[in-house]
Structure formats: C-alpha cells, structure tokens
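*Asks:* As a plain string of letters, each chain reads:
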Amino acid sequence: MQVFLPKAVNQISWSSTHFMRVIRGPDSECQRRTPPSVTAAITPEGVLGHLMALEREGMGQQDQHESQRLEMLKARAVTLRAKRDQLKHQTDVVKILKDKISTDLPLDDDAAAAGGFTELQKSLLTAWRMQLKDLQRAHHLIGGYDLVECKEGKSVCVSFHTAFEGVYLETYNMELDLTRTVQISRHNIPPSFPLESFAKQILQKDLKAFLQTLSQNLNALAARRRQVCLLKELVGSVEVMESNQLCNILVLMCTAQSESPKAVLCTLEYADLTQCLPTRVRIECEDKTLSQSPQWKKNQSLLLESPAHTAVLTMRRMGSIA
Amino acid sequence: MDAQATSVLNRIIRRIPNKNIENLLKKWNCLSAEQLRALDYTRPKWMIVEHVISFCEENRLNLKHITNLEMIYHIENPDQGTWYACQLAEAQDDAVCVELTQFKEHFKAHLHGVIRHISIKMKKHEDEAVWIRIAWGDNFSKPNHLKPTYVVHHLHTSYVFISNLVAKHKIFLCQALVIATKHGSIKDGHLSTKSLTAMRDLLLRRYQQAFPNEQSRILQDRNTLSSHPCIGKEHSDHEEMRHQMSCEAFGHGPSPKLETAVYRLETRYRGNGNHTLSDREEFFRGVVRFSSSSLLDSLRHCVASGMAEGPVTPLLSAITQRGRNYFVITDKGPGVSSQASAQRA
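Line by line, the protein sequences are chains Y and R. First residue of the first sequence? That's 73 in the working numbering, and the numbers climb one at a time after it. First residue of the second sequence? That's 1473 in the working numbering, and the numbers climb one at a time after it.
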C-alpha cells in the first residue's frame, strides 16, 4: 500500500520543524516570553504536533512501503522470468511440432504426453487439417486443376498432367485469356488434337467441363501413344505398319506360329478418342482358316479388352505369335 | 529417256555438292551396286551427269524414276526455295477420321478430274508428313516437270506448306486440299520462310515453350560456375523476370530459325507537331521489316537483356503466338487484321 501524502503537508511539516527550532532555540527564554495562547499552539497536542505526527507516520510508512515494494517487485520478476522461460519452451515445442506436421513426420505421442503437450499437439493438428481442407475445397472449385494467375489477373495458366499405367507422361499447358470472354491464348498441345472444336463447343459455357474433357482426351491420347511406343519396343514380335499423330488407327503385323509361319495383320480402330482401348479390331491373314480359328478369335478379344502391348505380350506367351 | 527426264536429272545433280550425290543415289535404289561403284565423284559435274544418264538408260529408267529421285532429294533437303503456310478451317465432324489412303484417293481424284494432264506423286515420310509433288499441265499440254509444286501436310493438323505454286493453279490445289481433308475452307497463313523446318517447328510447336507455372519458374540455366563467389548480381530479380518474360514470348532453348518478320503499316501519321489528324486523310504507308539469321533468338535476347522494354508487345509475341510473320497494322489497333485470322489451332 502506498500512502499518498499531500505535498502541502510536507511543506508545513518542514516549516513547522524549522519554526519549532527557531522558537525552541533558547528554551527558557521562549517559554517565558511567549504568551500562553502561543504555548498551546506549539505543544505536541496541537495542529503542528499533529502534522509532525503525520509526517513521522508518512516517512516511516514510506520506508516500509519501499522495502515491501522492493520485495514484491523482486518476487514478480522471478515469476515473470519463470513464465518467460516456460513460454519460450512452449514456442519451441510448437515450432518443432509444426515442422513435423508440415513435413509429414510421425509425431511422438509419448514425448508429447511426457511434456504435457497433448492438448497443444491436438490443436495444432486440427488447425493443419482445417487448412488442408480449405485448400482442397478451393482446388475442387476450379475443377481440381492447378490454375496459376499471370499478367495480374488478366489470364490464367492451366496444366494438364497425363499418365498411363502408373507412369507420368507429358504435361500440357494452356494459357486462357480472361479479359472479355474466356479465350485460349497459347498452348503446347499437339496440333493434331481437335482443340478448336472443343473450344467452340464447350469453353464458353462451362470452363470446368472444358478442362475435364480436355484432360480426358489428352490422357487418352497420351495412353494410346505410349502403347505404340511400347509396341515398337517389342521388336521381333510385332511390327507397327501404320499409325498417326492422333493414334486413332493402328495396324500391326505379327507372325503366327503354325506349321508355316504366316503373317497376320491386326487393325485396331480407336473411334472413341476418350478411350485408350480400341473400338474395333480386325484380323486379316492370307490363310482364312487361321483368322477364323478360336485361338485368333480369343486374340481378337484380347486386343479389344486390354492395352495393345499387354495383349501382344500375352499372345506371345501363349504361343500364338512368335 | 526423253529430253525432259534428262533435263530434270541434270538439274538435280548439278544442284547437289558432289559428296552428297552418292548417298542420294543409294537411297534412290535404282542403280545397281556396280554402277554406283563405277561412278567417280571427283570428276567434274558434267561428267557425273553423263555417266548417270547412261546408267539410267542402261537400266531403262524413265521419268517416273527421275521424279522419284527429285522428291527424295527435296525431302532430304527441305530448306530450299520459299515456303508458304496455309491454314485449313471449318473442320467437318469426320475430319479427325480421315485416313491416309482416303486422303490420297480424294486428292488425286479431284485433281485428275479438273485437269487432264497432271502428274501427282505422294509419299509419306516417317515423321507423319505427307509430301506431294505436282507437275501441272493443262488440257492440251503435258505436265511440266521442270516446275513442280511441292506440298507438305501433316494429317489431322490444319496446316499445309506449299512451295512453288503459281496463281493460276492455286485454286485447284486449294479445292483439292479442302475436299481431301474434309474441311470447309483454306486461307493464307501469313507465314513465309526459306526454311521449311523452321516453319514446321513453329506451327507444329516443335520447340520448347515456357509457361508461368510453379515448376517452370526455374528456367535460368545460367552458368553459375563461371562467376566468382565475390561477385554478386545486383539486379538478379529483374534479370530473372526478364528472362522468364522473354522465354514465355519466344520459347525456351533452340527456337525455329525464322528469318524475317514484316509489318505493313496502314495507319495515319500522328506527329508531335502542329499537324492535326484531320490534315492527313491518306495513310502513311510504310513497311517495317525485321531480318536476322535467327529472328526469334534475337528478339528473345533483346527482351532478356533489357534492350526492349517489357512486357513484350503483342506485335512481337504474335509471331510465335499466332504463327505468322506478316502483319498489317491499321488504325483501329494492331491486333485487328491479325485477329481476323483468329487463333491458330
């Protein structure tokens, strides 16, 4: 507690002591000379005496207060330091946990429990999960494609990734100009792809559907192209006689294993450009009986149902072709 | 062998340097091995020509074989003469299903139907290109094999590359192409170069383009090994930005070797002086021509080094974006006449 002494009292006390000393100087003479009324004023029971007493109180309390305050402050400093150390420790733990979460490292539940940080860990994980969910939702709104803003919002750039049988193939990019209507500004999609017709049909109405169609067709094209590449690697078993940029027709020549090896021509037509499997397979051979045989009927259905290179490998394994 | 055949053969062999003649004749596969061995390529050209002619007569080769030789020569050395690009438009629904044999049949049928004497030869190259050689005659005279037109088309794309076509035959060729590829119309592509390879690379996008995605931010393949560790680049951010901008506009890595870009101005002169717009009613006609041994490389360097201010003006980036090198700029804005030909497929 702090005692607040008005300044005036201090001044009075100083002047009163001064006055008292002045008056009390030569003691006996003062007392003899002063009239009885004044004597009453300078005795300790009077106003000045009261003031003196107050002064003494104040001084004494101040000393008390000071030492009290000092102790209090010291104690406070100690607690604050302890708290600071605790907070520092906590922030370090939070940092470590956050790093672990964002880099997908497993969190040590026991260590957390030991340090008393289970609650903290839980709340951090929840926050991270919410953040990821928001990101996922935003991603879904743009159709799940990575849209990158360029030219200060005047255009966006989309990437289409293609993959087949777990192998990533080419990535195609496209820049869409958004100033008045959505228009394709530039891209690196191969020119044999009927991009213009897709753009005319779908782009103005529904961007998400356009991106979806494009992705589907590009993936199918990449898949068909990859099949042709893999077939070309199977040298000796099969020869690619004809194919084209769009890979919508494939003519293969294989050698049938029979008494005399005969050449068989397989024509695969891909009428549906969103699929990587053919819509029609024709088997042609000089020997009509061979092409009508049940073995080759089975091969025909194999080529219809599985990717070309897998079908050829199966045919080779089964002994139909060399 | 008749006179025309000999003169065509003469012309081919005279054009090639001696050291390449052997390879060409081997590819042609019409002369026997002993005949090939007997030819001495150190002799003067006229002697080689005479020997080859005599061998051809020995083997009873005729004009057909000679034109085959000429075609092989052109396929091997496509960057000769001037090539023009044309673009097919209004694809019909079944344009995607056009097959090579179908294309060949329809093309030949149409041309044979309109011109009585015409000689058409078609060859498919490994890279899916169809080469067509046309020797034009008319209803009275035989085809002239000394001035053949060459046409290159990649099936399912909308581009056709033409060399050596005269105006009076243009309409027949255009009609035939439109019918054979099942499109509605064909128009001028506003792109002409000496090098077919450059034209094809540009239009068929056979060069590396740069897009502003996160992955391709790191386009800089600067040689950091050569720079001293004590040297720091003050404006490295700006440099990277300029490099990115230039690569987005003109491609990354080796670019198609275009040689010229021509801008024809049909604008009115707007000077800083006291002339008002109403004073000048007629156009200030001018032609701006950029020439370089590799135009796109030089433009890219201009932008990357800071000589040209960024962002890249659409007049220059339209060369790669629209795939043309001839532009007409009118008062309404530079893009009007180039927009008329719309975006390329």
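To be clear, the hints were calculated from the coordinates, so they are not data collected in a lab. Misleading hints may appear alongside valid ones.
Cut-off 20 Å, straight-line C-alpha distance, at most; resulting in silico cross-link-like pairs (DMTMM-like, lysine to aspartate or glutamate) [claimed, not checked]: (1) LYS1596/R / GLU314/Y; (2) LYS1596/R / ASP157/Y; (3) LYS1659/R / GLU268/Y; (4) LYS223/Y / GLU1600/R; (5) LYS304/Y / GLU1600/R.
*Asks:* Against which earlier hints does the structure fall short, listed by number upward?
*Replies:* 2, 4
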